[in-house]
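Protein sequence lines, in the order shown, are assigned to chains A and B. Numbering follows our numbering, in which position 8 of the first sequence is assigned residue number 8; successive positions increment by one, without gaps. Numbering follows our numbering, in which position 21 of the second sequence is assigned residue number 21; successive positions increment by one, without gaps.
Honestly, I wouldn't trust all of these hints.
[What the hints assert, rightly or not] Heads up, simulated DSS-like pairs for lysine-lysine below, C-alpha to C-alpha not over 27 Å straight-line:
no., chain 1, residue 1, chain 2, residue 2
1, B, 9, B, 49
2, A, 113, A, 100
3, B, 74, A, 3
4, A, 100, B, 221
5, B, 93, B, 124
6, B, 93, B, 9
If you're looking for bench data, these hints aren't it; they were derived computationally from the structure.
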Amino acid sequence: MVKIVFDNNIPIYSQIVDRFVIDICSGTLPPGSRITPVRELAMQLGVNPNTLQRALGELESMGLLFTERTAGRFVTEDAALIDARRREMSRSVVSEFMEKMRALGWNDEETVKLITVRRGENE
Amino acid sequence: MSDVILDIKNVYKSYGDNDVLKNVSFSVRQNRIVGLLGPNGSGKTTLIKIISGLLSDYSGRAEICGMAPCVETKALVSYLPDRMSLPEWMTVKMAIRLFADFFADFDTERAREMLGTLGVSPDKRIGQLSKGMKEKLQLCLCMSRRAKLYVLDEPIAGVDPAARDVIMSTILGNFGEGSSILLSTHIISDVEQIFDDVILLREGRVELMGDAEELRREHGKSIDQLFRGVFKC
Chain A
1 MVKIVFDNNI PIYSQIVDRF VIDICSGTLP PGSRITPVRE LAMQLGVNPN TLQRALGELE
61 SMGLLFTERT AGRFVTEDAA LIDARRREMS RSVVSEFMEK MRALGWNDEE TVKLITVRRG
121 ENE
Chain B
1 MSDVILDIKN VYKSYGDNDV LKNVSFSVRQ NRIVGLLGPN GSGKTTLIKI ISGLLSDYSG
61 RAEICGMAPC VETKALVSYL PDRMSLPEWM TVKMAIRLFA DFFADFDTER AREMLGTLGV
121 SPDKRIGQLS KGMKEKLQLC LCMSRRAKLY VLDEPIAGVD PAARDVIMST ILGNFGEGSS
181 ILLSTHIISD VEQIFDDVIL LREGRVELMG DAEELRREHG KSIDQLFRGV FKC
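Excised from the complex, chain A in its bound form (with noise of 0.2 Å):
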């Protein structure tokens, strides 16, 4: 995990977890994978270890991550599960972009068809 550039304004475990999640759909963090132990971690991201071990255990209650008694911290092996999260994501990620396109004036076609000309641009 790469170091995040917190916004002092936001609870700070809810922002690790956000990034947690990113990280665990775009397999970033790959399912199975072993989780830095909370001090070692705590102190690469500069937090409080009380605030990540919040976070971890809110993740562990989603479902995303789980200890196993002496091993540690991993990230689930459940596909469908981590699939289920990352299409909710992108669901809101959408709705959110469409909601922006349709406050300027464009209606979803044409939005579909300025993403596609967009494409365009990029190949």
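Could you slot chain B onto chain A? The hints should help.
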């Protein structure tokens, strides 16, 4: 056993007719990092001197693991003063030996390692060190003890922003399981990510205190902005 490491109750302190602390109460629990925040002259250093046993003529109660500050609590509290406390002629090596002699919980190996990481050379005399290097040296000495409570008075005031990250991770990496930290500062934005709880002192009184994450959520603001709001003149 109670998990309160430090308990401050109704503490008053004045220098002559200047009231510096007015009815200050708070406690620090085990495994917590607590930020003691306040502008210059708000009473932070006075409070820290009481906790580390350097001031005894105060009223109210201060207890470290159930004991009033005394010789025994000095073995539990590792204090980082806000100014150089070692003589100029002393070398870094000698300072390490002095600390090892004084404190049974001092880990010489750890001190050497930390000084290496922070780039403080052991053969230099303290008088030859820059202000930032002096601060790093004192921090290393302080964090090399296996104390119950670390009391750090302005550990980042004299170092550049780039070195602050190194100092913060030195602090995070070296306080042991079961101990706590009380860290005073008026530079908040660079360090607020490491606090569990914060205490805002203003003119000798506790103006605001609480869990840092709860305060962020409740106010939708950083601790730094909250602080600026409270102390706006």
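Failing hints, ascending? Violated: hints 3, 6.
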